[in-house]
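Undergrad: What follows is each chain in one-letter form.
2 protein chains.
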Amino acid sequence: MKGNSGRQQLLDAVIEHFTDDGLADQSLRHIAAGVGTSHRMLLYHFGSKEELLVAVARAVEERTLDQFAAVSGAGEATTDEVVRLMWAHVADPALGDFERLFFALYGRALQGDERMRPLLGENIQRWLDANVAAAATQGVPAETARVHARLGLAVTRGLLLDLLATGDRAGTDAALDAFARHYSGTWCEATIESAS
Amino acid sequence: MKGNSGRQQLLDAVIEHFTDDGLADQSLRHIAAGVGTSHRMLLYHFGSKEELLVAVARAVEERTLDQFAAVSGAGEATTDEVVRLMWAHVADPALGDFERLFFALYGRALQGDERMRPLLGENIQRWLDANVAAAATQGVPAETARVHARLGLAVTRGLLLDLLATGDRAGTDAALDAFARHYSGTWCEATIESAS
DNA sequence: CCCTTCATGTACCAAATGGTACACTACGAG
DNA sequence: CTCGTAGTGTACCATTTGGTACATGAAGGG
Numbered sequence: 079m080k081g082n083s084g085r086q087q088l089l090d091a092v093i094e095h096f097t098d099d100g101l102a103d104q105s106l107r108h109i110a111a112g113v114g115t116s117h118r119m120l121l122y123h124f125g126s127k128e129e130l131l132v133a134v135a136r137a138v139e140e141r142t143l144d145q146f147a148a149v150s151g152a153g154e155a156t157t158d159e160v161v162r163l164m165w166a167h168v169a170d171p172a173l174g175d176f177e178r179l180f181f182a183l184y185g186r187a188l189q190g191d192e193r194m195r196p197l198l199g200e201n202i203q204r205w206l207d208a209n210v211a212a213a214a215t216q217g218v219p220a221e222t223a224r225v226h227a228r229l230g231l232a233v234t235r236g237l238l239l240d241l242l243a244t245g246d247r248a249g250t251d252a253a254l255d256a257f258a259r260h261y262s263g264t265w266c267e268a269t270i271e272s273a274s
Numbered sequence: 079m080k081g082n083s084g085r086q087q088l089l090d091a092v093i094e095h096f097t098d099d100g101l102a103d104q105s106l107r108h109i110a111a112g113v114g115t116s117h118r119m120l121l122y123h124f125g126s127k128e129e130l131l132v133a134v135a136r137a138v139e140e141r142t143l144d145q146f147a148a149v150s151g152a153g154e155a156t157t158d159e160v161v162r163l164m165w166a167h168v169a170d171p172a173l174g175d176f177e178r179l180f181f182a183l184y185g186r187a188l189q190g191d192e193r194m195r196p197l198l199g200e201n202i203q204r205w206l207d208a209n210v211a212a213a214a215t216q217g218v219p220a221e222t223a224r225v226h227a228r229l230g231l232a233v234t235r236g237l238l239l240d241l242l243a244t245g246d247r248a249g250t251d252a253a254l255d256a257f258a259r260h261y262s263g264t265w266c267e268a269t270i271e272s273a274s
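As they're listed, the protein sequences go chains A and B. Numbering-wise (my numbering), the first sequence opens with residue 79 and increments by one. Numbering-wise (my numbering), the second sequence opens with residue 79 and increments by one.
Keep in mind the hints are simulated off the structure, nothing from the lab. Even for Gly, the Cβ is constructed at its ideal location relative to N, Cα and C. Wrong hints could be hidden among the right ones.
What the hints assert, rightly or not - Here are some of the chain A residues that sit facing chain B, going by a computed Cβ distance under 7 Å:
1) GLY100
2) ALA182
3) GLY185
4) LEU188
5) VAL218
6) ARG235
7) ASP240
8) THR244
As the list claims (entries may be wrong) - Keeping only pairs whose Cα atoms sit at most 20 Å apart, straight-line, the calculated DMTMM-like set for lysine to aspartate or glutamate is:
9) A:LYS127 to B:ASP103
10) B:LYS127 to B:ASP144
11) B:LYS127 to A:ASP103
12) A:LYS127 to A:GLU159
13) B:LYS127 to B:GLU139
14) A:LYS127 to A:GLU94
Hey, can you work out the whole structure from these sequences and the hints?
TA: As structure tokens, this is what we get:
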């Protein structure tokens, strides 16, 4: 069985290493040196390099989903509120390196690496489902909630991509603010309240 | 201007190869075989593997900027119009593989690979500048245009990421439509930024 | 106290890697 | 014709690669 002791610990260390040093073109020996073990141990616990990468991808996905949960678990939420919360959480400079790792894995998974691809769809799907469920408690139709959650996620990810590339926090903040303002109080698209 | 003859031709072939086969963990020999040449030739024309990758990244960036130009060159445009046009262009399934390559490179550039990072910022910056210039001809203040262009780009990229992962064209279309509807006709009046 | 099981280190391997040396061709300019 | 220069093929190299074989260690149950 996948003993959560040594293996999990090692996996966390590998993720941290990738977070700092990038995951491109790393040999098992580099990784092992980076986490203070031998490449032999990585093979022992994960079987092969590819399986290691898959485990990393899976763990990173799990972690991002936890971040989502922390945000959407905050009770009531209109689209603009959720997006603002998510942005505040995700734009934290302390998380920058981890976000970079996420996008690096994501990009890699999009291209080939068949074993990683399903995770990506799941990632988004689970996020949408969670939001739909949350919205249901407010009597919001599932289809509407799904569309808005999807858009909110896209805005956040798109701006995060921008922020990580340009480092322009003020500019991306302003863009997110513009979005949230246009969506303030919006639950279903028919009800745009013209209050200021 | 390094001779646009052999080198450029080779570069295009490499990009096409990466588009089809992915760029992760490819050796010079794999690439060479994929484009019908020898790894010796790649070294001859590009000097080293890293320089090859940089050349690829630069060329891909150029290509995406051309895509942008094709969209924003279409005369008048409010935020929702530009976004709709851009989405229609970018969500074309025929471009899927290329977009995947773009995001793979982007993710890789975000992590390490110092020589690639500047390109990313430039990519966004040039897009924003182009939009600001276009908006200026309509008397739209630069700051406002910049914010909206930024948001539009983020929405498009975020939804594209979603589309490529999930393949859910209908869902992403709906999300983009929701966004565009909320922004329809928006130029400035709704976004008075007295402070940031 | 032995036996088994999980964990780890050492040594090794065949294959592949990025890069180089050198010889050769093609060809346009003088 | 000759010469220089750009392009290409062949052969090679030292190093590194992912992966394996085997011995060892530590823990725990019988």
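Undergrad: For each hint, tell me whether it holds in the structure or not.
TA: Hint by hint, here is what the structure shows:
1. Contact between A:GLY100 and chain B, as hinted, is supported at the beta carbon level, the nearest pair being about 4 Å apart and thus within 7 Å.
2. Against a cut-off of 7 Å between C-beta atoms, the interface hint on A:ALA182 holds, since the closest Cβ of chain B lies about 4 Å away.
3. Because the smallest distance between the Cβ of A:GLY185 and any Cβ of chain B comes to about 3 Å, under 7 Å, the interface hint for this residue holds.
4. Contact between A:LEU188 and chain B, as hinted, is supported at the beta carbon level, the nearest pair being about 5 Å apart and thus within 7 Å.
5. A least Cβ separation of about 14 Å between A:VAL218 and chain B goes past the 7 Å threshold, and the interface hint is therefore violated.
6. Here the hint on A:ARG235 is kept, as its CB sits about 4 Å from the closest CB of chain B, short of 7 Å.
7. For A:ASP240, the shortest C-beta to C-beta distance to chain B is roughly 6 Å, which falls under 7 Å, so the interface hint holds.
8. Taking 7 Å as the C-beta contact cut-off toward chain B, the hint placing A:THR244 at the interface holds, the least distance being around 5 Å.
9. A threshold of 20 Å between alpha carbons decides the hint, and for A:LYS127 with B:ASP103 the separation of about 12 Å falls inside it, so the pair holds.
10. Proximity of B:LYS127 to B:ASP144 is assessed by CA-CA distance (about 26 Å); at most 20 Å being required, the pair is judged violated.
11. Proximity of B:LYS127 to A:ASP103 is assessed by CA-CA distance (about 12 Å); at most 20 Å being required, the pair is judged to hold.
12. Between A:LYS127 and A:GLU159 the alpha-carbon distance is near 41 Å, which puts this suggested pair outside the 20 Å criterion.
13. The hinted pair formed by B:LYS127 and B:GLU139 meets the criterion: a straight-line CA distance of about 18 Å does not exceed 20 Å.
14. The hinted pair formed by A:LYS127 and A:GLU94 meets the criterion: a straight-line CA distance of about 17 Å does not exceed 20 Å.
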